[in-house]
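The task is simple: from the sequences and hints, build the whole structure.
Protein chains: 2
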Amino acid sequence: MEIKKLSLAELQRPSVESFSSMDKMPVVVVLDNVRSALNVGSFFRTCDAFALEKLVLAGITATPPNREINKTAIGSTESVKWEYFNTTLEAVLKYKNQGYKIIGIEQTTQSVPLDAYTIQDNKIVLIFGNEVNGLDEYLLPYLDVCLEIPQYGTKHSLNVAVCGGIVLWEFAKKLNNSSKI
Amino acid sequence: MEIKKLSLAELQRPSVESFSSMDKMPVVVVLDNVRSALNVGSFFRTCDAFALEKLVLAGITATPPNREINKTAIGSTESVKWEYFNTTLEAVLKYKNQGYKIIGIEQTTQSVPLDAYTIQDNKIVLIFGNEVNGLDEYLLPYLDVCLEIPQYGTKHSLNVAVCGGIVLWEFAKKLNNSSKI
Chain Z
8 MEIKKLSLAE LQRPSVESFS SMDKMPVVVV LDNVRSALNV GSFFRTCDAF ALEKLVLAGI
68 TATPPNREIN KTAIGSTESV KWEYFNTTLE AVLKYKNQGY KIIGIEQTTQ SVPLDAYTIQ
128 DNKIVLIFGN EVNGLDEYLL PYLDVCLEIP QYGTKHSLNV AVCGGIVLWE FAKKLNNSSK
188 I
Chain E
8 MEIKKLSLAE LQRPSVESFS SMDKMPVVVV LDNVRSALNV GSFFRTCDAF ALEKLVLAGI
68 TATPPNREIN KTAIGSTESV KWEYFNTTLE AVLKYKNQGY KIIGIEQTTQ SVPLDAYTIQ
128 DNKIVLIFGN EVNGLDEYLL PYLDVCLEIP QYGTKHSLNV AVCGGIVLWE FAKKLNNSSK
188 I
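Chains as they are written, first to last, in the numbering used here: chain Z, 8 to 188; chain E, 8 to 188.
Be a bit skeptical, because a hint or two may be false.
[As the list claims (entries may be wrong)] Heads up, simulated DSSO-like pairs for lysine-lysine below, C-alpha to C-alpha not over 30 Å straight-line:
| id | chain 1 | residue 1 | chain 2 | residue 2 |
| --- | --- | --- | --- | --- |
| 1 | E | LYS88 | E | LYS78 |
| 2 | Z | LYS180 | E | LYS180 |
| 3 | Z | LYS61 | Z | LYS101 |
| 4 | Z | LYS12 | E | LYS180 |
| 5 | Z | LYS130 | Z | LYS61 |
| 6 | E | LYS180 | E | LYS12 |
| 7 | Z | LYS180 | E | LYS12 |
| 8 | E | LYS12 | Z | LYS103 |
| 9 | Z | LYS61 | E | LYS108 |
| 10 | E | LYS181 | Z | LYS181 |
| 11 | Z | LYS78 | E | LYS61 |
| 12 | E | LYS181 | Z | LYS31 |
| 13 | E | LYS103 | Z | LYS181 |
| 14 | Z | LYS61 | E | LYS180 |
| 15 | E | LYS101 | E | LYS61 |
| 16 | E | LYS31 | Z | LYS130 |
| 17 | E | LYS11 | E | LYS108 |
| 18 | E | LYS12 | E | LYS101 |
| 19 | Z | LYS61 | Z | LYS31 |
| 20 | Z | LYS103 | Z | LYS88 |
| 21 | E | LYS130 | E | LYS103 |
| 22 | Z | LYS12 | E | LYS130 |
| 23 | Z | LYS181 | E | LYS130 |
| 24 | Z | LYS130 | E | LYS12 |
| 25 | Z | LYS11 | E | LYS61 |
| 26 | Z | LYS88 | Z | LYS78 |
| 27 | E | LYS31 | E | LYS108 |
| 28 | E | LYS101 | Z | LYS180 |
| 29 | Z | LYS181 | E | LYS11 |
If you are wondering where the hints come from, they were derived from the structure by calculation, not from laboratory data.
Here the structure is a predicted model, which is why all the values come from computation and not from measurement.
Here it is, written out as C-alpha cells:
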C-alpha cells in the first residue's frame with residue numbers, strides 16, 4: 008500500500024498552552040508509593056497522550072523536577088497537571104469528598120476484569136500501586152471498585168507503567184464514546 | 008467492601024514448563040531496532056502476561072542474556088520464546104511466507120485507529136519500531152495493515168513498551184473471544 012509516516016507537524020498535536028485549556032478526560036491518576044522515577048515519567052507521558060485531568064504523586068513517588076522522570080516523560084511534565092500528597096489516603100479522601108469514584112488497580116478477591124467493567128461515573132480516581140507490593144493494604148477498604156487486567160503468564164503482574172497504559176487506554180476509549188475528551 | 012489481595016499462589020500462575028505447552032495467542036511481536044533494553048525487557052514481561060507465540064528481536068534490539076533486559080523482564084525471558092534476526096525485513100518475509108498478516112504500529116497516512124480495527128486473521132505479526140524514529144520507512148510497503156493508538160496530547164507518541172501493552176491487550180481481548188488463548 009501507498010503509505011507515508013506522519014511528521015509531528017502533520018499530527019497536529021496541541022501546544023502546551025492549548026492542551027492546558029482543552030477538555031480533559033475526567034480521570035485523576037494516583038500513584039501510590041511508586042518506586043521507579045522512570046515509571047513515574049512514563050505515566051506523565053501516557054497522561055499527556057490521553058489528556059487526563061491530573062496525575063497525583065503520593066508517598067515515596069518521585070516528583071518533578073527529576074532527571075529520571077524526564078528520561079521517560081520527555082517534556083510531558085510541562086503539559087500534565089500534577090499534585091503531591093504525603094500519603095495516598097489524603098488524596099483518596101480529598102477526591103472521595105468531591106464525589107469521585109475511587110478505583111484501585113489490583114488483583115484481589117473482589118477484582119472485576121478490566122474488559123468487563125462498565126463505566127457509570129464521570130469523575131474517576133484510578134490508583135496504581137508500588138512495583139513490588141502493589142496497592143497498600145490499608146487503602147483497600149476505601150475503594151469503590153477494584154479492577155484487574157486478566158493475564159495468563161508465569162509472572163505475578165505487568166509492569167506498572169504498562170498496566171497504566173492499558174487501563175488508561177480502556178477508559179479513554181469508553182469515555183470517548185460518552186463524553187468529550 | 009471486604010477485600011483481600013491475592014498472593015502469587017492464589018493467582019495460580021502456570022509454571023514455565025506448563026506455560027511452554029499452553030495454547031498461545033497466535034501473535035508474533037517483532038521489535039524493529041528498539042534501542043532501550045529496558046523496553047525490550049518490558050515487552051518480554053507483557054508477552055508472558057498475554058501468552059504470546061513469540062517475540063522477535065531484530066537489528067540493534069538487545070537480546071538475552073542482558074542485565075538491562077532482566078531488570079524489566081524479571082524472569083520472563085525464561086517463559087517467552089524469542090528469536091533474533093539481523094534485519095526486521097528477514098523476519099517479516101519469513102512470517103509473510105507462512106501466511107501471517109503483517110501489521111505495523113505507526114502513525115501514517117494509512118493508519119487505522121486501534122479500536123476501529125477488526126481482527127480477521129489468526130496468524131498475526133505486530134511490528135513496533137525504534138523509540139525515536141518509529142518503524143523503518145523501508146518496511147512500510149511490506150505491511151498489510153498499519154494501526155495507531157488515537158491520542159490527544161502534546162507529544163508525538165507513547166513510550167514503545169506502553170504502546171506495546173495497549174496493542175497486545177487489545178488483541179488479547181479480541182482474540183480471546185474468537186479463539187483459545
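Do the hints match the structure? See the list:
1. E/LYS88 / E/LYS78: 18 Å, holds
2. Z/LYS180 / E/LYS180: Cα-Cα ~14 Å, so holds.
3. Z/LYS61 / Z/LYS101: Distance ~14 Å between Z/LYS61 and Z/LYS101 Cα, so the pair holds.
4. Z/LYS12 / E/LYS180: Distance of about 28 Å is within 30 Å: holds.
5. Z/LYS130 / Z/LYS61: 12 Å, holds
6. E/LYS180 / E/LYS12: Given pair E/LYS180, E/LYS12 holds - Cα atoms ~24 Å apart, limit 30 Å.
7. Z/LYS180 / E/LYS12: 28 Å, holds
8. E/LYS12 / Z/LYS103: 22 Å, holds
9. Z/LYS61 / E/LYS108: Judged against 30 Å, a Cα distance of about 39 Å means the pair is violated.
10. E/LYS181 / Z/LYS181: 16 Å, holds
11. Z/LYS78 / E/LYS61: 29 Å, holds
12. E/LYS181 / Z/LYS31: Holds, at roughly 28 Å.
13. E/LYS103 / Z/LYS181: Between E/LYS103 and Z/LYS181 the Cα gap is close to 34 Å, so the pair fails against 30 Å, i.e. violated.
14. Z/LYS61 / E/LYS180: 28 Å, holds
15. E/LYS101 / E/LYS61: 13 Å, holds
16. E/LYS31 / Z/LYS130: Not OK: E/LYS31 and Z/LYS130 at ~37 Å, beyond 30 Å, violated.
17. E/LYS11 / E/LYS108: Distance ~42 Å between E/LYS11 and E/LYS108 Cα, so the pair is violated.
18. E/LYS12 / E/LYS101: 44 Å, violated
19. Z/LYS61 / Z/LYS31: Holds, at about 9 Å.
20. Z/LYS103 / Z/LYS88: Satisfied, since the Cα-Cα distance of roughly 19 Å is no more than 30 Å.
21. E/LYS130 / E/LYS103: Answer holds: E/LYS130 to E/LYS103 is near 10 Å, not above 30 Å.
22. Z/LYS12 / E/LYS130: 25 Å, holds
23. Z/LYS181 / E/LYS130: Distance ~28 Å between Z/LYS181 and E/LYS130 Cα, so the pair holds.
24. Z/LYS130 / E/LYS12: With a Cα-Cα distance of about 25 Å, the restraint between Z/LYS130 and E/LYS12 holds, given a limit of 30 Å.
25. Z/LYS11 / E/LYS61: 28 Å, holds
26. Z/LYS88 / Z/LYS78: Since the Cα atoms of Z/LYS88 and Z/LYS78 sit roughly 18 Å apart, the hinted pair holds (cutoff 30 Å).
27. E/LYS31 / E/LYS108: Holds, at about 17 Å.
28. E/LYS101 / Z/LYS180: 34 Å, violated
29. Z/LYS181 / E/LYS11: Holds - the C-alpha atoms of E/LYS11 and Z/LYS181 are around 28 Å apart, at most 30 Å.
Taken one by one, the earlier hints fail for this structure at numbers 9, 13, 16, 17, 18, 28, listed in ascending order.
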